[in-house]
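> Mapping of the sequence shown onto this note's numbering: position 273 corresponds to residue 273, and the numbering continues sequentially without gaps.
Read the hints as simulated data drawn from the structure, not as lab findings.
Any given hint could turn out to be false.
Stated by the list, open to error - Here are the simulated DSBU-like cross-link-like pairs (lysine-lysine), alpha carbons at most 30 Å apart as the crow flies:
1. Lys679 x Lys765
2. Lys222 x Lys258
3. Lys220 x Lys258
4. Lys474 x Lys631
5. Lys269 x Lys631
6. Lys260 x Lys220
7. Lys260 x Lys222
8. Lys671 x Lys625
9. Lys679 x Lys312
10. Lys196 x Lys222
11. Lys310 x Lys625
12. Lys467 x Lys269
13. Lys679 x Lys625
14. Lys312 x Lys269
15. Lys679 x Lys310
16. Lys258 x Lys474
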Amino acid sequence: MTTRSQSPAPVATPLRATLSLDGAWEFRHETDQEWRQAKVPAHWQACFEDLAVSFGSATYRRGFLLPAEWIGREIAICFAAVSDLAIVSINGTELGRHEGGYLPFEFTIPADLLKADNTIEVLASLPDAHRNENGTDFAEIPHGKQSWYGPQGGIWQSVRLEARDPAHISSLRLDPMWPDGRLEFEAELTGLTERKLTVEISGPQGETVYTGEIPASGHKIKHSIQLETVAQWSPDSPSLYSISVTLFAGGTATDSRKDKFGFRRFEAKDGFLHLNGAPLYLRAALDQDYYPDGFGAPPSLELLEDQLGKAKAMGLNCLRCHIKVPDPRYYEVADRLGMLIWTEIPNIETFTPASAERLRRTMEGILARDRNHPSIVIWTLINEDWGTRLRESAEQRQWISAMVDWLRAEDPLRLVVDNSACFPNVHLKTDINDYHFYRTTVDRREEWEMLCREFAGNADWTFSTDKEAVRTRKEPLILSEFGVWGLPDPARLRSEDGGDPWWMAHGATWADGTALPQGIEARFRELGLGQIFGDLGRFIEQVQWYQYMNLKYEIEVIRTHAPIGGYVITEFTDVHWEGNGLMDMARNPRVFAEALPAVNSDVVIAPGAARHAVYEEGTARFDIKISSGGKALPEGTRLLWEFGAENGAIDLPAIAPMQVHNADISAAARKVAAPDVQKAGFRIVAPDGTILSGNSETIAVYGRRHALAPIRFAADDDGLSDRLSALGHVMVSPNEADVFVTGDIDAARVEAIHSGQRVLQIVAKDPGRLRDDTPPRDGPMSIEIDAGGGGMLSGPYFSFPGYGLVNRHKSIWRGDWVGNFSWLRRDGVFAHIPGGPLFDMSFTGVVPHQLMTGFRPWEFQGRVHAGVVVGWVHKPAAFIIEKRLGRGKLVATTFRLNREAPDVDPLATALYDGLLTLAARP
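Whenever a hint applies, use it, and build me the whole structure from the sequences.
What follows is the structure in structure tokens.
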């Protein structure tokens with residue numbers, strides 16, 4: 001027989017006896033010749049390194065002795081989860097089959113199959129891309145992120161034997177109604193039809209708040225229980241009630257169950273989320289629910305408690321458990337410690353009638369197991385149109401619409417998202433208008449600001465225009481995925497003997513190869529990055545602060561838009577090679593964990609610096625936005641600020657929840673002996689003196705250029721000549737010039753370099769090569785010098801300066817997802833630029849949109865003065881190069897230095913000064 005998923009295992013009671021079957025089982029994968037031992041619960045991939053990325057079937061086997069006192073009782077074998085298809089046998093006879101890798105199931109064992117000494121066998125199968133004998137393949141089963149991080153098969157949650165009365169309680173459904181104080185109660189019973197239930201409810205402090213008796217006839221009992229005053233459940237006050245239900249048959253107690261629940265109401269109203277009648281600003285992180293061993297089974301309750309405590313300490317009030325059904329302890333901890341959970345069905349890859357039915361059955365199983373948890377507040381049916389084609393198929397649009405209607409009716413206590421969308425997919429019918437977009441602020445600040453502005457305006461691109469679409473324009477706006485890569489410290493992830501985690505060898509097939517962790521130390525050394533950052537540990541620390549700087553600004557921009565009611569940071573922890581977590585896989589927080597609540601809290605100050613670089617004694621302007629989130633700020637609240645030698649206080653009006661208030665501040669930077677970074681500080685103080693919020697902003701402060709040593713230059717572009725003259729440099733004839741400045745080079749310029757000219761190229765040309773003046777021709781063996789007829793395209797090496805020019809847009813160097821870590825050496829001619837070596841927010845106006853490629857690793861040890869690496873230190877490229885030829889040399893840069901009037905941006909000026917000096921020096 002085949003069984004469907006069951007409700008969760010009851011808390012142990014005197015009327016049910018259990019025997020755990022966790023521990024060592026005999027194991028044999030289909031590729032094995034011999035039996036070996038596997039741990040249960042665990043995915044088989046987590047037990048054996050040689051099976052870490054394996055699909056297929058595996059047999060588990062173990063024995064058990066039947067307790068003598070169990071004879072005459074109903075015996076069931078109960079599995080919390082087996083991935084994906086389980087065939088269960090006892091003493092050589094098949095008991096049943098279960099499909100679906102995330103949810104519990106059980107089989108009653110016929111008494112005539114049981115002996116004193118018994119053998120259980122489980123055949124667990126996880127299909128790959130081949131269709132198996134059941135007509136199933138991996139694409140058509142709910143699998144979630146197994147498609148990214150590798151397969152997970154086997155008995156991965158606990159197994160137990162249970163002895164009970166045939167007349168027992170098979171499930172409890174608890175629907176607490178707040179603020180009514182009413183509990184809608186539903187029990188499913190097996191066995192006899194004439195019986196009664198007794199119910200006892202205890203309050204959050206253990207006090208008895210209700211006792212009662214319910215007549216029971218039939219197999220499903222519905223009852224309403226009214227309590228007096230009830231305590232509400234919330235992340236700040238996770239008040240839980242306990243219920244104990246006992247079944248009596250003929251005056252004898254035959255079974256009992258215990259569960260916990262909480263009174264709360266979660267709803268969408270007036271364009272925002274509300275919890276218990278009050279507006280809620282959602283501060284969430286995407287949780288892939290993977291653990292230190294690289295798989296999805298939590299190692300302990302203590303780890304779940306520890307990670308949730310760290311989540312709360314970082315200011316989070318919600319975790320979006322991403323396309324995965326977690327271990328039930330995940331929800332128990334969230335209920336008890338106080339964390340909202342947004343849960344999603346694991347996705348398929350191919351939509352068929354069979355896979356659609358599996359999605360529906362999975363959601364039914366999730367409801368059966370998890371619906372009593374107050375922490376769960378949102379369901380998502382589809383993520384990013386994975387496995388569906390909602391833009392292309394009317395049938396699938398009708399299906400998702402019907403699923404939303406069904407789930408809303410089945411569970412009115414939670415909100416439903418149809419498709420958690422990203423470009424180019426959309427919503428059709430949803431309780432929340434959520435959307436995903438990624439940008440790195442340093443590289444694409446203007447795009448980030450534009451996307452947030454459009455999203456806050458209820459952008460048309462979030463919803464379908466097909467006839468199936470139903471849009472109210474009152475759906476709360478949640479930016480449900482955004483984030484920036486940092487990197488974990490590999491040394492903190494290695495085993496005691498120094499071995500890499502198994503997953504470090506994987507990732508080469510992702511993100512154009514930049515997601516491969518293994519070998520990061522070797523690449524760091526080979527590129528000579530220690531000259532720039534010190535050792536790898538210091539590089540990792542700076543990368544993590546770079547991650548924070550970007551996240552901080554992105555959250556601040558989100559908070560400037562009152563219509564946006566929350567966000568989900570990608571992500572809670574790193575997963576394998578994906579290095580954008582707030583913690584690594586071992587649950588080590590990023591270096592910025594204690595700083596994050598400054599922007600990840602209810603009340604947030606967004607400084608809104610007009611510029612992140614000014615001259616000493618120059619004016620820094622702040623367009624401050626105060627976002628109240630879910631709190632109301634009373635009249636008499638003040639904004640205190642300080643920058644340079646100035647400080648002040650601004651009286652604020654009363655600010656209602658979910659509002660944004662403006663306050664403009666201008667102040668002069670301090671005089672500096674050398675360029676430096678100065679910090680502006682801001683605090684919101686309540687009338688009673690309580691600090692409600694604090695934030696800061698860093699401003700690069702440059703000294704005046706009184707001691708500038710002008711460079712004599714010539715140029716072939718009037719715009720460049722005018723700009724450099726305005727910056728105080730001296731234009732002369734080419735023969736008199738120390739540096740010739742140009743936007744492009746050709747054969748004549750190369751010959752001049754060879755003869756001793758020093759050239760600064762401010763690159764302003766189409767991608768291809770730094771020079772494209774050589775005629776196309778086929779060389780020996782049909783190797784081309786330029787594009788055209790012939791064979792293999794040669795690299796740019798054979799034409800000085802020998803480098804390619806690439807647009808970052810539409811390439812892995814764009815940095816929207818996998819991190820681009822851009823740096824400028826802060827020694828020599830660029831020692832006068834503060835901060836670094838990684839770019840900071842002052843670089844957003846000049847950051848290159850092109851880069852130079854084709855370098856040998858040794859060239860980064862002196863020839864490259866500014867560059868970038870991607871992900872786990874891959875794809876090195878340059879923004880500033882210095883290359884000699886004959887008696888002269890070329891300095892080339894892709895920094896965008898001419899976007900504003902001369903000397904408006906001190907950083908652009910400082911870069912020009914450094915570049916001219918670099919080009920002029922011997």
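> Compare the distance between the alpha carbons of Lys312 and Lys269 with 30 Å, and conclude whether the hinted pair is satisfied.
Given pair Lys312, Lys269 holds - Cα atoms ~25 Å apart, limit 30 Å.
> Is Lys222 close enough to Lys258, meaning Cα to Cα at most 30 Å?
Satisfied, since the Cα-Cα distance of roughly 17 Å is no more than 30 Å.
> Do the alpha carbons of Lys196 and Lys222 lie within 30 Å of each other, as the hint requires?
holds (12 Å)
> If you draw a straight line from the CA of Lys671 to the CA of Lys625, is it 30 Å or shorter?
holds (28 Å)
> With a cut-off of 30 Å on the C-alpha distance, tell me whether Lys679 and Lys625 pass.
holds (18 Å)
> Would the hint linking Lys679 and Lys765 be met if the CA-CA limit is 30 Å?
With a Cα-Cα distance of about 38 Å, the restraint between Lys679 and Lys765 is violated, given a limit of 30 Å.
> Are the Cα positions of Lys310 and Lys625 separated by 30 Å at most?
With Cα atoms ~28 Å apart, Lys310 and Lys625 stay inside 30 Å; holds.
> Please work out if Lys467 and Lys269 have their alpha carbons no farther apart than 30 Å.
holds (25 Å)
> Verify the proposed pairing of Lys260 with Lys220, using a straight-line Cα cut of 30 Å.
holds (20 Å)
> When you check the alpha-carbon spacing of Lys679 and Lys310, does it fall within 30 Å?
With Cα atoms ~27 Å apart, Lys679 and Lys310 stay inside 30 Å; holds.
> Within a Cα-Cα threshold of 30 Å, do Lys679 and Lys312 meet the stated pairing?
It holds: about 27 Å lies between the C-alpha atoms, which stays within 30 Å.
> Just to be careful, I want the Cα atoms of Lys474 and Lys631 compared with a cutoff of 30 Å; is the pair within it?
Holds, at roughly 21 Å.
The structure fails to meet hints 1 and 16 from the earlier list, while all remaining hints are met.
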